[in-house]
Amino acid sequence: MNMRWELLRRRVYGNGRDLPGTVPVPWRTYAALIGGPLDGLLLDITDWTKDEIDNGAALVAERGRFPGGRTLYAPRPEEPRAPAPGVTCCFHHTGDTPRAMNTTPN
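In our numbering, the protein residues as written are 1 to 106.
The set of hints was computed from the structure by calculation and includes no laboratory data. Check before you lean on any hint, since a few could be wrong.
Here are the simulated distance ranges between beta carbons [stated by the list, open to error]:
(1) 26 <-> 66: 29 to 39 Å
(2) 49 <-> 78: 19 to 29 Å
(3) 10 <-> 62: 13 to 23 Å
(4) 99 <-> 26: 28 to 38 Å
(5) 52 <-> 26: 16 to 26 Å
(6) 26 <-> 67: 31 to 41 Å
(7) 81 <-> 25: 18 to 28 Å
(8) 63 <-> 22: 14 to 24 Å
(9) 83 <-> 62: 33 to 43 Å
(10) 65 <-> 27: 31 to 41 Å
(11) 26 <-> 98: 30 to 40 Å
(12) 49 <-> 76: 12 to 22 Å
Computed from a predicted model, the values in this text were never measured in an experiment. Idealized CB from N, CA, C, for every residue including glycine.
Just need the whole structure built from these sequences, with the hints factored in.
This is how it looks when you write it as structure tokens:
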């Protein structure tokens with residue numbers, strides 16, 4: 001079986017529309033998350049533009065360096081991307097950032 005389709009056996013990172021841990025479906029497009037606290041999950045990028053994919057993602061993660069903060073993932077420019085549904089690319093862990101502080105004055 002094709003490696004891209006084997007990756008579809010993983011769980012999907014929740015994105016507001018889906019519950020965390022949902023299963024992938026073959027007609028959607030995903031990035032495999034590599035390294036960091038979300039290693040092994042898929043990220044649904046079906047409706048993302050090329051520029052959004054190139055910029056990567058800052059995802060909420062309770063198990064990162066900053067619990068409740070964001071963990072950062074980005075694609076590597078030299079890695080190929082498949083032009084079809086399934087797992088089309090990998091996002092690699094690039095670091096963590098604390099949750100945004102409330103900057104509204106009292």
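The hints, checked one at a time:
1. The hinted range of 29 to 39 Å is satisfied by residue 26 and residue 66, whose Cβ atoms lie roughly 35 Å apart.
2. Between residue 49 and residue 78 the CB atoms are about 20 Å apart, so this pair conforms to the stated range of 19 to 29 Å.
3. Taking 13 to 23 Å as the suggested C-beta distance range, the pair residue 10 and residue 62 conforms, at roughly 19 Å.
4. Distance hint check: the CB atoms of residue 99 and residue 26 are about 34 Å apart, consistent with the given range 28 to 38 Å.
5. Remark: the range hint 16 to 26 Å for residue 52 to residue 26 is upheld by a beta-carbon distance near 22 Å.
6. Checked against the hint of 31 to 41 Å, the pair residue 26 and residue 67 passes, with Cβ atoms roughly 34 Å apart.
7. Remark: the range hint 18 to 28 Å for residue 81 to residue 25 is upheld by a beta-carbon distance near 19 Å.
8. Between residue 63 and residue 22 the CB atoms are about 19 Å apart, so this pair conforms to the stated range of 14 to 24 Å.
9. The hint said 33 to 43 Å for the Cβ distance between residue 83 and residue 62, and at roughly 34 Å that hint holds.
10. As the Cβ distance of residue 65 to residue 27 is approximately 35 Å, the hint placing it in 31 to 41 Å holds.
11. At roughly 37 Å, the beta-carbon separation of residue 26 and residue 98 lies within the given 30 to 40 Å, and the hint holds.
12. Between residue 49 and residue 76 the beta carbon distance is about 19 Å. The supplied range of 12 to 22 Å therefore holds.
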